[in-house]
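Each chain, letter by letter, is given below.
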Amino acid sequence: MRKIAAVVLNTFREAIRDKVFITIIVFSIIIMGSGRIVKPLALGEEGKVIKDIGLNSITFFSVLIGILVGGRLVYKEIEKKTIYLVISRPIHRWQFIVGKHFGLLLVLFESLLIMTGAFYVILFLLKIQANFYLLLSILMTFFQLWIITAIAILLSTFTTPITSAIFAFALYFIGHLTGDLKALAAMSKSVQVKFVCNALYYLLPNLSNFDIKNQVVHNVIIEPNVIFFAIGYAIVYSAVIIFIASLIFQRKDF
Amino acid sequence: MFRRIVLKRILSIILIVIGGSAIWLIQFNLDMSRHKVLSTRLVEELMYFPSGKFLKPSVIEYQTAMSDLVWLRAIQYYGQHMMTDRKYEWLGHIFDILTTLDGKFIGAYHFGSMILAWDAHQSSEALKLLSTGHANNPLDWQLLFDAAFINYMIRRDYTSAGYYFEIASKLPGTWKITQRWAAFSYAKGGAKEMAIEIWLSVYNTTENRKLKELAARELIRLGFSP
Amino acid sequence: MSRVIITENLTKDYRTGFRLQKIRAIENLNLEVEAREIFGFLGPNGAGKTTTIKILVGLSEPTSGKVLVMGKPSTDVDSKKQIGFLPESPYFYEYLNAQEYLRLCAQVSGVERERIGPQIEKMLNMVRLERFTKLPIKGYSRGMLQRLGIAQALIHNPELVILDEPMGGLDPIGRREFRDIILNLKTQGKTIFFSSHILADVEMICDRVGIILNGKLINIGRLEEMLGSEIENFEIVVKGLDRKMVKVVERMSDSVIAGDDKVLIEVKNEEEVERIMAIIREVGAKLLSLQPRRKTLEDHFITQIEKERLKQI
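Taken in sequence, the protein lines are chains A, B and C.
When we follow the working numbering, the leftmost residue of the first sequence carries the number 483, and every step to the right adds one.
When we follow the working numbering, the leftmost residue of the second sequence carries the number 96, and every step to the right adds one.
When we follow the working numbering, the leftmost residue of the third sequence carries the number 30, and every step to the right adds one.
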């Protein structure tokens with residue numbers, strides 16, 4: 483356990499210094515701050531608009547960090563051979579991968595903290611009424627990131643950063659459209675199409691489980707079951723992905 | 096020696112400033128010549144979306160942000176045409192996209208239906224918008240109220256107006272006065288007083304600047320003097 | 030256990046290229062390393078030294094054959110507890126400083142929490158980096174990197190230390206320091222396995238030596254046995270021989286190199302030495318030095334390599 487913690491901390495330190503990370507954080511705060519310009523244009527709806535900008539940009543930028551930084555994590559260690567002096571020690575390969583995953587999550591947690599803090603400050607300065615319900619949406623974003631980072635790390639164990647970024651983005655995009663697959667399965671009369679669509683639906687990450695921005699901004703009450711099951715889904719799905727990543731990593735020759 | 100370096104530096108700075116000014120100048124003139132084309136571009140872009148149903152999945156989880164973008168564009172569209180030709184061909188379409196992206200955006204239904212009914216003279220579009228709004232927000236009294244008002248004032252369909260007023264009066268948060276107006280409508284009387292009362296409330300309570308202006312215009316039209 | 034490293038028919042194949050062609054990097058390697066000895070693993074570049082080492086430390090898996098390190102299979106994570114490894118050009122996390130890096134290494138290697146602090150201090154003092162604890166590794170010189178490399182290899186006090194070309198790129202002082210460290214480790218009871226192509230260093234400190242060429246082990250054994258205690262030849266340096274005598278001596282010896290007033294004579298055996306000595310006494314010349322020369326490792330190495338190459342023709 484302590485060994486995983488050591489890798490987690492090291493991954494965290496490394497990712498924090500990644501220029502990509504810092505750039506994205508700064509950018510996100512700028513975008514959120516631009517909400518101020520919106521006020522005169524929004525005709526009284528600036529409350530909704532600025533909350534939307536805040537939540538959407540927090541999600542967008544944290545996903546960006548997750549995919550871009552995550553995709554380089556394992557690859558960079560192999561490229562730079564810093565991994566030699568870790569893997570040659572009494573640590574299981576899966577411990578290394580899990581450490582990387584949680585290190586990345588720690589980084590994202592910190593980014594979310596910073597961005598959310600800035601968000602609430604902006605809401606306060608613009609005198610927009612805000613409650614803590616918005617935090618629920620950010621919590622769900624965090625669990626969406628749990629899955630996305632797991633995928634990014636899986637890809638990072640066997641492809642270059644660019645390829646893994648492309649595939650991760652593709653999966654992210656598709657992951658939000660899986661609802662259509664389910665609908666297609668329901669509508670189709672062919673058994674094969676039904677089977678394939680349903681199989682894909684359960685195989686692909688259903689990221690729309692984590693999109694509650696709309697409800698949160700309009701103060702619609704969400705059933706707790708929805709939240710709990712979504713969190714459970716994130717943890718289990720990621721565990722499977724990380725397991726596969728560990729298997730691939732296990733067979734690697736350095 | 097030292098002087099040479101300083102001179103070189105000054106020269107470089109001057110060159111950069113000149114270059115920057117040239118860039119600014121060219122861009123400025125470019126924008127001026129493009130200006131006329133720019134305003135119609137806004138609309139054209141929205142027209143390329145056959146409906147909100149296509150736009151919705153392509154922005155995946157960023158629908159609410161997209162809805163805000165469309166909201167801002169809708170306001171631009173309205174403002175532009177109000178100052179020029181007063182033709183609002185695509186208004187209904189724009190609000191349809193907007194509300195497909197964010198079905199709970201009450202303000203969009205409210206504002207959209209008002210300007211569709213009163214400025215664009217498209218009361219059936221307005222009612223269609225409000226019925227979508229009601230389907231997505233069944234407990235919202237305002238949308239039914241707006242539908243009732245349009246039916247009463249523009250379509251002079253007092254029975255429908257009364258019906259909508261009545262339902263609205265039973266929903267949470269409704270104005271206490273709604274029940275009375277249900278009665279009014281059903282009785283098919285008191286058009287002017289009721290209208291003035293309602294427009295006054297709208298004028299006093301809304302934060303939407305354009306809606307305030309609309310209310311003011313209607314009050315003047317009805318002969319209201321404060 | 031007396032045998033710290035055992036490989037039985039160790040074979041490693043790689044598949045590269047588009048059609049995944051098989052390249053055999055190591056073939057049927059049978060190695061044994063005894064406890065508390067210094068073992069030198071020699072071979073020309075590309076012979077398979079680094080590949081073998083990577084398998085020993087678990088960075089790579091054998092294609093076939095058995096590899097036991099400290100009694101456990103090399104693929105077993107536990108086998109690494111007692112291994113300290115220094116790769117050829119060690120790469121560290123550049124933004125960390127020495128203390129943070131060694132802490133990471135200690136934690137991953139399972140050093141007990143209370144011992145980590147003192148152990149780090151001890152290591153930094155040993156490699157003389159104690160003044161640079163807060164400097165990020167990014168700013169290290171080559172020598173400092175190498176010293177940090179040793180520190181991280183020993184931080185968890187392993188019984189077996191594996192070094193891949195540890196002295197490449199070091200100046201003579203650095204090399205001597207390194208040799209001293211290795212000898213010191215031996216007195217502490219540790220086993221050292223290192224690969225090198227600098228034969229002089231190996232000759233100076235190794236107990237046993239293994240020679241690898243093209244993935245095959247062509248010779249292995251104790252250094253003296255390999256080199257033999259036989260004397261290769263004798264070198265005699267004489268002063269005061271005139272030209273006529275030099276010519277006489279030339280006929281009786283293997284080679285003669287005449288300088289201004291000194292003459293270097295090479296003879297094969299002790300009888301010839303006696304004959305030369307007799308002449309020197311007779312003529313009244315001065316004997317400056319008499320040295321028996323043993324076969325060096327370099328001689329042996331080159332002979333072996335050429336033998337193998339001839340075999341392949």
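It should be emphasised that the hints constitute simulated quantities derived from the structure, not laboratory data.
Idealized CB from N, CA, C, for every residue including glycine.
Misleading hints may appear alongside valid ones.
Claimed, not checked - Sample of chain A residues at the chain C side, in silico, Cβ under 8 Å:
| id | residue |
| --- | --- |
| 1 | ARG484 |
| 2 | ARG495 |
| 3 | PRO572 |
| 4 | SER672 |
Hints versus structure:
This hint holds: ARG484 of chain A has a C-beta 6 Å from the nearest C-beta of chain C, less than the 8 Å allowed. A cut of 8 Å between beta carbons decides the hint on ARG495 of chain A: the least distance to chain C is about 7 Å, and the hint holds. Annotation: PRO572 of chain A was flagged as interfacial toward chain C, and the flag holds, the nearest CB pair being 4 Å apart, inside 8 Å. At a threshold of 8 Å, the smallest CB-CB gap from SER672 of chain A to chain C is about 40 Å, leaving the interface hint violated.
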